Every structure is written in structure tokens, then in C-alpha cells.
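Undergrad: For reference, the chains in residue letters:
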Amino acid sequence: MSGSEIVTDVVVIGAGPVGLFAVFELGLLDLKCHLIDILDRPGGQCAELYPEKPIYDIPGFPVITGQGLTDNLMAQIAPFGPQFHFSRMVNSIDKQADGSFKVVTDADEVFLAKVVVIAAGGGSFQPKRPPVDDIARFENKSVFYAVRRMEDFRDQDVVIIGGGDSALDWTLNLQPLARSLTLVHRRDAFRGAPDSVNKMKAMVADGKISLVIGQIAKLEGEGGQIERIHFSTVAGDIDMPATRLLPFFGLTMKLGPVADWGLDLNDNLIAVDTEKFQTSVPGVFAIGDINTYPGKLKLILSGFHEAALMAQAAKKIVAPDERVVFQYTTSSTKLQKKLGVA
Amino acid sequence: MKLSVTDQDGVTHELEGLEGWRAMEVIRDWGLNIKAECGGALSCATCHCYVEGGWFEKVGAPSDEEEAMLDTVGDVRPNSRLSCQILLDEGHDGLELTLARSARKDEMAA
Chain A
0 MSGSEIVTDV VVIGAGPVGL FAVFELGLLD LKCHLIDILD RPGGQCAELY PEKPIYDIPG
60 FPVITGQGLT DNLMAQIAPF GPQFHFSRMV NSIDKQADGS FKVVTDADEV FLAKVVVIAA
120 GGGSFQPKRP PVDDIARFEN KSVFYAVRRM EDFRDQDVVI IGGGDSALDW TLNLQPLARS
180 LTLVHRRDAF RGAPDSVNKM KAMVADGKIS LVIGQIAKLE GEGGQIERIH FSTVAGDIDM
240 PATRLLPFFG LTMKLGPVAD WGLDLNDNLI AVDTEKFQTS VPGVFAIGDI NTYPGKLKLI
300 LSGFHEAALM AQAAKKIVAP DERVVFQYTT SSTKLQKKLG VA
Chain B
0 MKLSVTDQDG VTHELEGLEG WRAMEVIRDW GLNIKAECGG ALSCATCHCY VEGGWFEKVG
60 APSDEEEAML DTVGDVRPNS RLSCQILLDE GHDGLELTLA RSARKDEMAA
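Taken in sequence, the protein lines are chains A and B. Mapping of the first sequence onto numbering that gives the first Met the number 0: residues 0 to 341, in sequence order. Mapping of the second sequence onto numbering that gives the first Met the number 0: residues 0 to 109, in sequence order.
If you are wondering where the hints come from, they were derived from the structure by calculation, not from laboratory data. Check the hints yourself; a few may be wrong.
Listed below are the simulated SDA-like cross-link pairs for lysine to any residue, each with C-alpha atoms no more than 20 Å apart in a straight line [stated by the list, open to error]:
1) A:K295 - B:R27
2) A:K217 - B:A108
3) A:K52 - B:A108
4) A:K113 - A:Q125
5) A:K217 - B:L86
6) A:K52 - B:A109
7) A:K52 - B:L41
8) A:K297 - B:R27
9) A:K297 - B:L31
10) A:K52 - B:L86
11) A:K297 - B:E24
12) A:K52 - B:E24
13) A:K295 - B:A109
14) B:K104 - A:N267
15) A:K295 - B:E24
16) A:K52 - B:E66
17) A:K140 - B:A109
To give an idea of the interface, some chain A residues facing chain B are shown, with a C-beta separation under 8 Å as derived from the structure [to be verified]:
18) Q125
19) P130
20) R136
21) F137
22) G163
23) D164
24) G213
25) Q214
Computed far set for chain B versus chain A, every beta-carbon distance over 10 Å [what the hints assert, rightly or not]:
26) S42
27) T45
28) D88
Quick caveat: nothing in here was measured; it's all calculated off a predicted structure. Don't be surprised by glycine CBs; every beta carbon is placed ideally from N, CA and C.
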């Protein structure tokens with residue numbers, strides 16, 4: 000994708016519920032959106048943290064799950080043809096001489112947009128680090144949070160930590176390549192798929208892999224290359240040689256590059272006004288959990304309201320000479336045509 | 000109702016607890032270093048704490064679902080609990096908790 004610029008009205012950073020609903024409000028005003036999200040699917044926290052959990056405070060829905068809300072929003076915005084760019088993190092936003100914004104992702108994709116809407120919730124989801132000192136100096140050299148190339152693990156002494164599907168799947172997949180493979184989990188109960196658990200246990204029984212019930216305590220190594228890993232177990236501390244470590248503790252959010260975009264922040268949240276939900280940089284808006292203003296409540300419904308007001312202001316930036324007539328979807332055939340129902 | 004909460008720097012805070020609140024909500028409300036990113040939905044483990052001073056028996060062991068979430072942190076001890084799953088009542092007056100390293104706002108993201 001690198002080298003080709005994508006020109007659009009609006010770039011929405013974050014495809015959680017609020018980012019998705021922003022597409023609807025912007026779409027009613029004929030603004031086209033590209034959405035960028037670090038996850039590999041829409042829904043944000045609703046998809047990553049609590050897809051199965053019931054939410055009780057969405058207006059009109061006595062109860063709906065995070066995934067149900069995401070699915071409904073995707074259906075609701077489908078008429079506007081939003082373009083999604085998943086598994087991407089926005090690294091920079093730069094204002095251009097003509098007033099538009101250049102948005103660049105970690106995959107070097109370049110977007111040119113008249114308006115940027117930050118709907119990034121708690122920031123970007125990143126892998127959880129094991130709580131051991133100095134792990135950062137080994138990361139991307141011998142400690143990895145994902146398997147990008149299986150060849151990197153061939154003939155290595157691999158240690159995998161975790162009890163979920165990622166840990167189990169990579170245990171099964173890397174065992175044939177690795178010189179040795181040790182799976183470490185804090186207890187002898189795994190929440191991954193039962194079939195994977197059975198296959199893993201069979202490998203342990205056959206002596207193909209080792210299973211350690213314990214928690215990581217310390218890393219040893221030089222120049223980014225781990226050499227030994229220490230674990231605490233109920234039977235006491237143990238250590239073993241290792242050249243690759245794959246911790247799978249799931250994801251957690253961090254603000255990330257947002258902090259470097261030159262926006263006024265207030266305790267790691269983006270300060271906005273409550274008329275337009277615009278940041279300290281005109282043309283850049285922030286809606287949903289990532290913004291702050293007096294009286295802010297971190298509720299999905301607050302984000303929906305913010306999206307509606309933001310869209311009015313965004314329209315004036317994209318089409319300054321066009322008179323915007325406020326309309327209702329119940330009565331406006333123009334809006335109904337855009338929604339494909341008239 | 001008082002909660003005695005020791006933060007990750009070893010400083011102990013006396014917090015006023017409220018019946019019907021979750022320990023996590025009190026700790027967050029008082030501005031201690033707790034991420035609690037899922038907001039109490041038992042969908043992360045970033046409000047992880049240790050129940051101290053003999054209180055673990057009274058507070059009780061984690062549920063299966065809570066145990067599964069504790070799998071996503073690397074500093075679990077026998078007295079680990081997620082503070083969002085401790086529903087406060089008058090019987091918790093004097094409850095002693097220590098915040099886990101994995102509950103820090105800035106600790107876990109790579």
C-alpha cells in the first residue's frame with residue numbers, strides 16, 4: 000500500500016462503537032470516511048474486552064452484548080460504505096499547507112483528509128507485558144508477543160507463557176520447528192479450546208514438550224538475546240535455558256502515539272470543547288472515551304451524542320459554502336435515500 | 000467503612016468505602032494507581048490486588064471466570080483477587096488490600 004495516498008473527507012481513528020456511529024452521522028451529511036484500527040476487526044473494547052458481556056445502558060436496548068452492538072452498528076453504517084483499515088496504528092497526524100491533514104500509519108499508509116476524528120477510546124490495544132524488569136530490552140529480538148515468521152523459531156529453545164488459545168495454538172504449531180518447547184502457565188487449567196488442550200497434553204505425555212506450572216520471575220541475557228528464564232513454582236524456583244520467549248497475556252490499552260500529535264491533553268485525555276468536540280487543533284476532533292471536558296461521562300451514549308455534534312462541525316470544514324439544513328431520518332426523503340430505505 | 004489500601008509504592012491509604020460499591024470503584028475514585036480498563040465487567044485483570052491480613056478467607060476465593068482473567072497477569076499469588084469482584088458491605092470494614100504491579104495504569108502495555 001505504501002506510496003499511494005488515500006484521499007478522503009474524514010479519517011476516523013478507532014473503529015469502536017463511537018467511531019462506527021461517527022460514520023453514520025458524517026454519512027448523513029455526505030462525508031465519506033476511512034477508519035483505522037489497531038485491532039483486526041470492528042468493535043474496539045466491545046469486541047476485544049467484552050464481546051459476550053451484556054450492556055444495559057444503550058438507549059432503546061434493555062440489554063445488548065458488545066458484539067451485538069458492534070454488529071448492529073456495522074449494519075447501520077453499511078449504506079455509507081465506510082472503508083476499514085484494520086491491524087494498523089496511526090503514527091502521525093500533520094497539518095498540510097492547504098489545511099488538510101496527512102495521516103500516516105505504522106504500515107506507511109498515507110491518508111489525506113480534510114477532517115480527522117479521534118475515537119480511540121483508551122488508546123491502542125497492545126500486548127500485555129509479563130511483570131518482569133527489563134523485558135523491554137529483549138522485545139522484538141528474542142521476546143515476541145506475536146509470531147510473524149515461524150522461521151524465527153526454528154531450532155530455538157522456545158518458551159511460551161499463557162493458558163488461552165494463542166498460547167496453545169502456538170505451542171502446537173511451533174513444536175515441530177523448535178529445538179525445545181516449554182509451555183508455562185500459572186495453574187493446571189487452560190481456558191483454550193478443549194481440543195487444543197488435549198493435543199497439548201498428549202505432546203507432554205509423549206515427551207515432545209515440557210509443561211511448567213508456574214510464573215515468570217526473571218530474564219537473563221545479553222544484548223537483547225535471552226539465555227535463561229527463571230520461574231517461580233509451588234515446588235520452588237526453577238530456571239531453564241531459552242532463546243525465544245512468547246508471552247500471551249492478552250491485550251491492554253495505552254495512549255500510544257496520540258500523546259505526540261500536538262493536541263492539548265488533560266491527564267492523558269484529549270481536551271475538547273462541548274459544542275463541536277474539537278481538539279486544540281481545528282479540524283481534529285476527539286469523541287468517546289478518549290476526550291475530556293467538564294462533566295464528561297465515559298459512556299457509549301455520550302460518545303454517540305458527541306459524534307452527532309462533531310459531524311455538524313466537520314461538515315462546515317469539508318463544505319464551508321454549503322448550507323446545512325438539519326433534518327430527521329423519520330421525515331427526510333433525502334436522508335432516507337442515503338440510507339437506502341426510500 | 001474504611002479500606003486500607005497499599006499502593007505499588009508501598010504507601011498505605013485509608014479510603015472511605017461505601018456499601019454496595021466494588022472495592023475497585025473506591026480505589027479508582029480515590030485516584031490510586033489502578034487501570035481497571037474494562038470498568039468492572041470481569042473482562043480484564045487490570046484491577047488485580049492481593050487480599051491481606053487474614054481477610055482472604057472472609058472475602059473468599061475467585062470464581063472460575065475470575066481465575067480465567069487472572070491467567071492474563073503474571074503476578075498472581077494465593078491471595079490474588081480482582082478488586083472489581085469484591086462487593087463491599089459493612090462486614091468489610093478494615094479490609095486490607097495491596098495493589099498488584101499488574102494493576103498499574105502504565106505497567107503492562109508493550
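Undergrad: Decide, hint by hint, whether the structure agrees.
TA: Taking the hints in turn, this is what the structure says about them:
no.: 1; hint: A:K295 - B:R27; verdict: holds, 16 Å
no.: 2; hint: A:K217 - B:A108; verdict: holds, 18 Å
no.: 3; hint: A:K52 - B:A108; verdict: violated, 23 Å
no.: 4; hint: A:K113 - A:Q125; verdict: violated, 29 Å
no.: 5; hint: A:K217 - B:L86; verdict: violated, 34 Å
no.: 6; hint: A:K52 - B:A109; verdict: violated, 26 Å
no.: 7; hint: A:K52 - B:L41; verdict: holds, 9 Å
no.: 8; hint: A:K297 - B:R27; verdict: holds, 14 Å
no.: 9; hint: A:K297 - B:L31; verdict: holds, 18 Å
no.: 10; hint: A:K52 - B:L86; verdict: holds, 19 Å
no.: 11; hint: A:K297 - B:E24; verdict: holds, 14 Å
no.: 12; hint: A:K52 - B:E24; verdict: holds, 19 Å
no.: 13; hint: A:K295 - B:A109; verdict: violated, 29 Å
no.: 14; hint: B:K104 - A:N267; verdict: holds, 11 Å
no.: 15; hint: A:K295 - B:E24; verdict: holds, 17 Å
no.: 16; hint: A:K52 - B:E66; verdict: holds, 17 Å
no.: 17; hint: A:K140 - B:A109; verdict: holds, 14 Å
no.: 18; hint: Q125; verdict: holds, 4 Å
no.: 19; hint: P130; verdict: holds, 5 Å
no.: 20; hint: R136; verdict: violated, 12 Å
no.: 21; hint: F137; verdict: violated, 11 Å
no.: 22; hint: G163; verdict: holds, 7 Å
no.: 23; hint: D164; verdict: violated, 12 Å
no.: 24; hint: G213; verdict: violated, 10 Å
no.: 25; hint: Q214; verdict: holds, 5 Å
no.: 26; hint: S42; verdict: violated, 4 Å
no.: 27; hint: T45; verdict: violated, 6 Å
no.: 28; hint: D88; verdict: holds, 23 Å
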